[in-house]
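Note that the protein sequences, when read in sequence, are chains A and B. Under our numbering, the first residue of the first sequence carries the number 1, and numbering increases by one thereafter. Under our numbering, the first residue of the second sequence carries the number 1001, and numbering increases by one thereafter.
Hints in this document: simulated from the structure, not taken from any laboratory. For every residue, glycine included, the Cβ atom is placed at its ideal position computed from N, Cα and C. Mixed in with the good hints there might be a few duds.
[Stated by the list, open to error] Taking lysine-lysine pairs in the DSS-like style, the calculated list, with each CA pair at most 30 Å apart, reads: (1) B:Lys1006 x B:Lys1227; (2) B:Lys1070 x A:Lys317; (3) A:Lys411 x B:Lys1067; (4) A:Lys317 x B:Lys1227; (5) B:Lys1140 x B:Lys1130.
[Said to hold, decoys possible] Chain B side only, calculated, beta carbon under 8 Å to chain A, not exhaustive: (6) Tyr1051; (7) Met1056; (8) Asn1077.
[As the list claims (entries may be wrong)] Some chain B residues flagged as far from chain A (calculated, every beta-carbon gap over 10 Å): (9) Met1001; (10) Tyr1015; (11) Phe1020; (12) Phe1028; (13) Ser1047; (14) Glu1085; (15) Glu1099; (16) Tyr1116; (17) Ser1226.
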Amino acid sequence: MNWKLAFNIAATHLLTKKKQSIVAMLGVTFGISMFIIMISFMTGVNQFTEDMAMDNTPHIHIYKPLEIEDKKIIALNREQKGTNWYVVQHQRPKNELSKIKNGLALMESIEAMPGVRGVAPQLSTQVFYNNGPVKIPGNVYGIDVKRQAELFDLDKKMDMGSLDELLKASDVIVMGKGLAEKMNVTLGDRVSVTTPEGGNLNLKVVGIFSFGIAAMDQTQSYATLATVQKILQKDPSYITDLNVKMNDVTKAADLRADLENRISGVKIEDWEEANQSLLAGEQIRNIMTFVVCLTLLVVAGFGIYNIMNMNIINKMKDIAILKATGFQGSDVTGIFMLQSVMIGIAGGLLGLGIGFFFSYLLSITPFPAGEFFRIDTFPVNFNPAHYLIGLFFGFLTTLFAGWFPSRKAAKIDPVAIIRG
Amino acid sequence: MSVVLKAENIRKKFYQPSEFEVLKGLNFEVNTGEFFSIVGKSGCGKSTLLYILSTMDTDYEGTLTIKGDKLTGQKQNALSAFRNEHLGFVFQFHFLLPEFSALKNVMLPALKLGKYSEEEIEHRAIEKLKLVGMDEYALKGASRLSGGQQQRVAIARALINDPAIIMGDEPTGNLDKANSMNVFEIFKRLAAENHQTIIAVTHDPDFAAGSDRIMEMEDGRILSISKAGAIPAH
Ligand SMILES: Nc1ncnc2c1ncn2[C@@H]1O[C@H](COP(=O)(O)OP(=O)(O)OP(=O)(O)O)[C@@H](O)[C@H]1O
Ligand SMILES: [Mg+2]
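The whole structure should be built from the sequences, with the hints applied where relevant.
Shown next, in the form of structure tokens:
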């Protein structure tokens, strides 16, 4: 097959029917540009929510779970007579500490494992923030300030004050924006927190953060490990959680399995387990995006199919002449496939350009997110892979749309046409 | 003298609208370098026969042999390649690709054959156009030529690959007397000087009379094959 010749004929056909070629091309352009805009925006939103959640989510979370023994035990303070045994059903949990044994040593050994970016220790406790007579429930987290800043970007979430202040004085705290508003406190004010066990401490607010997630901003505050240990009246080795960040988040499940074999007495969770609902939502959004985009491309494909079919009906005479003068069926198929593919590539590239342009416009459009979201403009994801996928699918659609009419063209019987 | 085309017991039926045998067992041979004309009343099956000889119509009974190759029963692709190289056509109605210039129309079969470089093909195409007196219209779009001009370009196209046989279905049907004479002279010369074979269906008695042999058909049968001049020219 002589591709140069086929290309030459195909190009001439397209150029002499400019209007028709452009209409066919615009179908593809529309499909692909919509595909790019939609997928850039949808994945941008996914990325944004995921980032927002992932910033605060450890890739692996190690903690001591409440252990419920479901074995029936024989009551000890009763006399067991014959077959009449006294048995305790549904025993209550023991008053066990939620402390991770040798937590800090464990932290260092995990940190030394390959693929681990870092481990942040944490001591969390439920508290009541006392605001006059009102008690607001929430959590206080004791953290290693440096590690928390490095692994969870906590320092970047500060609206007022700074995280480093935690290291400069004792009995200080940084609290969520929503919580501070509820308590009507600001930098320099003091708040009192009470633990369920009755521990109480007066703390000075040295910073206010916002994650952009109301549930967190309205209940959480951070202090140093030592401060929280003091509130709980525990020793300096008392920590309740280890939060692991990986270099590559996808390796988290593997490391979890590895850790589970090594460490006992703790619960080890990876982020996928902890964020199943988030991931499911994301998957559904992704599937919807792809379905809509593919539909657009299929519609564009039908457009090309129709136009190619019409084109071939108009060109019956030409096809007969080509075949009469020695062009084979495959040459004819090639000529019309090339037309279809040229329409696909030209329309596809134009679509990518237009798609990029509109996604760019969207990415600089202010997004009215309210004060809680840390976002100024629409989240748009400029991923080169989407552009390749768009071009690939656009190309594929035109191949399919062109194939059937082109095969039909190849089967035209020249005698039937030439006879007139 | 060698035989270039041999038709043995060629039969063809049409089934639409009702079964009807157009060609009823034709046997004849055409020699290399011969100017062979086919005449007969309208509807007697001349065009139908020519499409079979041209290898485009494969739906017939009997055997067709050209240049020693038995073409009956061969695959479409093989027939296309054979046509491209060895056969040239001029159709009853002028048939050019309207999007292309006259020159490009002439060049296409040669570009398909790919025997010569593009420059050589262009050069040869202009030569062929000169032969039919159309060289000054070479770059004009085919759709902007008159019927007769298109017919002449179609003749140039039939000649481009120097085919062994040139078939024409009323090749001069659209031409005036002067141009008819011109085409006739070209065919004569091709046969005499290049030993190319001409098989032409014609209604023009003078054209037929000037050829080497005339086959007269009637109702799908051969009435006679005779040396030219046997039929009185009017
Ligand atoms: N596709 C077809 N289906 C059925 N009958 C056909 C078909 N094509 C041609 N015929 C018939 O076959 C017969 C021969 O037709 P053909 O075109 O070969 O005649 P012809 O000798 O070339 O006539 P003319 O001199 O007018 O060109 C005619 O009766 C015609 O009606
Ligand atoms: Mg005819």
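Per the stated criterion, does the least C-beta distance between Met1001 (chain B) and chain A lie above 10 Å, as a non-interface residue requires? holds (27 Å)
Beyond 10 Å on every Cβ pair: is that true for Ser1226 (chain B) relative to chain A? holds (28 Å)
With the threshold set at 30 Å, check whether the alpha-carbon distance from Lys317 (chain A) to Lys1227 (chain B) stays at or below it. violated (37 Å)
Against chain A, does Ser1047 (chain B) hold up as non-interface, every C-beta pair farther apart than 10 Å? violated (7 Å)
When you look at the beta carbon of Phe1028 (chain B), is every beta carbon of chain A farther off than 10 Å? holds (21 Å)
Per-residue hint verdict: Tyr1051 (chain B), partner chain A, C-beta under 8 Å: holds (5 Å)
So is Tyr1116 (chain B) really clear of chain A, every C-beta pair being over 10 Å apart? Holds: least Cβ distance 13 Å, greater than 10 Å.
Could you let me know if the closest chain A CB is still more than 10 Å away from the CB of Glu1085 (chain B)? Per Cβ check, Glu1085 (chain B) is inside 10 Å of chain A; nearest 7 Å; violated.
Verify the proposed pairing of Lys411 (chain A) with Lys1067 (chain B), using a straight-line Cα cut of 30 Å. holds (27 Å)
Verify the interface restraint on Met1056 (chain B): the C-beta must sit less than 8 Å from at least one C-beta of chain A. With a minimum Cβ separation of about 5 Å from chain A (threshold 8 Å), the hint on Met1056 (chain B) holds.
Can you confirm whether the C-alpha distance between Lys1070 (chain B) and Lys317 (chain A) stays at or below 30 Å? With Cα atoms ~29 Å apart, Lys1070 (chain B) and Lys317 (chain A) stay inside 30 Å; holds.
With the threshold set at 30 Å, check whether the alpha-carbon distance from Lys1006 (chain B) to Lys1227 (chain B) stays at or below it. OK: Lys1006 (chain B) and Lys1227 (chain B) at ~18 Å, within 30 Å.
In summary, the numbered hints that this structure violates are 4, 13, 14, 15.
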